[in-house]
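Trainee: Just so you know, the protein sequences line up as chains H and F, in that order. Each step along the first sequence adds one to the number in the UniProt record's numbering, with nothing skipped, and position 11 is 11. Each step along the second sequence adds one to the number in the UniProt record's numbering, with nothing skipped, and position 41 is 41.
Because the hints were derived from the structure by calculation, they are not lab data. Keep in mind it's a predicted model, so treat the numbers as computed, not measured. Hints should not be assumed to be uniformly reliable.
[Claimed, not checked] Between beta-carbon pairs, the in silico distance windows are: (1) F:E273 x H:V31: 19 to 29 Å; (2) F:G189 x H:L76: 48 to 58 Å; (3) F:L52 x H:D172: 49 to 59 Å.
[Stated by the list, open to error] From the derived model, a few chain H residues whose C-beta atoms are all more than 10 Å from chain F: (4) V31; (5) N44; (6) Q47; (7) S66; (8) A72; (9) E81; (10) F128; (11) R215; (12) W241.
Glycine residues also receive a C-beta, built at the ideal position from the N, C-alpha and C atoms.
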Amino acid sequence: MEQTTTLPLPPKKKIPRKKVIRNCVIAAFLVAMYAWTFSSIGVNWGQIVSERTLNNMGRVIPQLFSPEWAVAPDALRLMGETLAMAYTGTLMAALLAVPFGFFAAKNMVDSRIVNTAAKWALDGIRAFPEIMLALIFVAAIGPSAFAGVLAIAVGSIGMLGKLYSEVIESIDMHVVESLEANGANKAQILFYGIIPQVIPEFLSYAIYRYEIDVRSSTILGLIGAGGIGMMIQISTMNRNWDEVGMALLIIIFVVTVIDYVSSAIRKRIV
Amino acid sequence: MTKTTANPGQESFDPSNPPGLRTQQAKWKLTFVFAAVVLVYMFTSWQTNSSLIDLWFGMPDVWRMVGELFPPNWGYATETWGRLSETIQMAIIATTVAGILCIPISLMASSNIAPNKWVYNITKQIMNILRTIPDLLLAVIFVGIFGIGAFSGIIALIIFSLGILAKLLAETIEAIDKNPLEAIRASGGNTLQVIVYGVIPQILPQYTSFTLYVFEINVRASLVLGFVGAGGIGQLLQRSISFFQYGRAMIIIIIIFVAVVIIEYISGKIREEIL
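Take these sequences, add in the hints, and give me the full structure.
Mentor: In structure tokens:
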């Protein structure tokens, strides 16, 4: 007896033709992209799959995981310099970003040209990677922590200015209006109406940016801009991977601590 | 309790000397925090030699440098295409590999799917540690292992973006609607079926959006990986700056700028469309 219980299949959803075409275009684009990528990427497999790579692996990886404790004091000192660089740079940026934030906020400056110009300036700054700025500053004023500070200060203005302008645009304008109605002048409106509303968020964003800047300033030294990156660069040149391991350990530890402390502070402020 | 004791300041209101909005204690606290911030600033700017005076004396050098960057050497632009496409190819490969690898990892790092607490905690902690290592540092290490070239950069980008992607995706998975999963389990679905029919349809839009976001990050990162010899256009920029060919450096800076803006614009548009 042949009795297959054939349950009726659910009706198939009809896919609109437009969607089919769109999906085909996307698929074709992806295929083309990957074909282009894998056909023309210059990877020298002979160099990668070789005896030398195996030797390197055998040397580098064990050394990375057995940090050289003798260089710990040096590494800590340089990490301190890194933190100082990030602090100085972030504070400069936090102050310099305020005027940008005000110019970019629609409810503060009633001129579309100024708003757009400020927004474009901020977007422009954000498009440059910090380490590229550092490379330029190192070329201009020589390898020093100061070059790193400048790179962080300039690079952070972009993000902070944008976030500041968003904060300013979201303030309660009733306060400003009532101050105006009571005859307050511009300075009074600024100090009693606007600043008290924006200060907590400004601070919170500046602290958040400090977190990011600590991370990025650890690597600025790789191109000569001071901090713990300098030590990593020198150690890698001398192939002392155990020293790199120590530096890495300190970076992981300090960055984790800073993230934790900063998010604790930010929770209390806002 | 009378109103007087509750608000002693209200009793003798003197219009010429109104009470402040903040209490004396809060004022002291603010002053203390402000003083601490300024003191730390003075200390750090002394330590890094970057006081306002140094800024004043350093500025002429910076302006001279900026002056030398112009005019850009437009003829050099055609020679950079190879490296620029290598940069973007590195980002494409790294994002693809990280996008595939992050699925099992993020499932293990989300509390509602992970088989047990140990797997969840260990995966999560490893990802947390991975995210604290800057991308360029990973590149330095892999250049040490695999030698100079795009491959080292790709591996560095994969590991770096895996940390970000796994975290974002795990957070999304933890926030999904549990009812479909329970329904599948109740009708006898195994873990794989729960994931395929319950989890994936719910996270697919976010997954695509996060992957594009990580692609953006990877493009930006791969532009500078060349500074440490890990392939891409950064290598050319560093070379032209160290050979004082500032006209060439400027054209590379312009190209990097345009590339970042275009890729961010496209990926932003797509992400708007998806979510």
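Trainee: Does each hint fit the structure? Answer for all of them.
Mentor: Results for each hint:
1. F:E273 x H:V31: 19 to 29 Å: With a Cβ separation near 20 Å, F:E273 and H:V31 satisfy 19 to 29 Å, so the hint holds.
2. F:G189 x H:L76: 48 to 58 Å: holds, 53 Å
3. F:L52 x H:D172: 49 to 59 Å: With Cβ atoms ~36 Å apart, the hint is violated.
4. V31: holds, 13 Å
5. N44: violated, 6 Å
6. Q47: violated, 5 Å
7. S66: holds, 15 Å
8. A72: H:A72 clear of chain F: closest Cβ-Cβ about 18 Å, beyond 10 Å.
9. E81: violated, 6 Å
10. F128: violated, 7 Å
11. R215: violated, 6 Å
12. W241: violated, 7 Å
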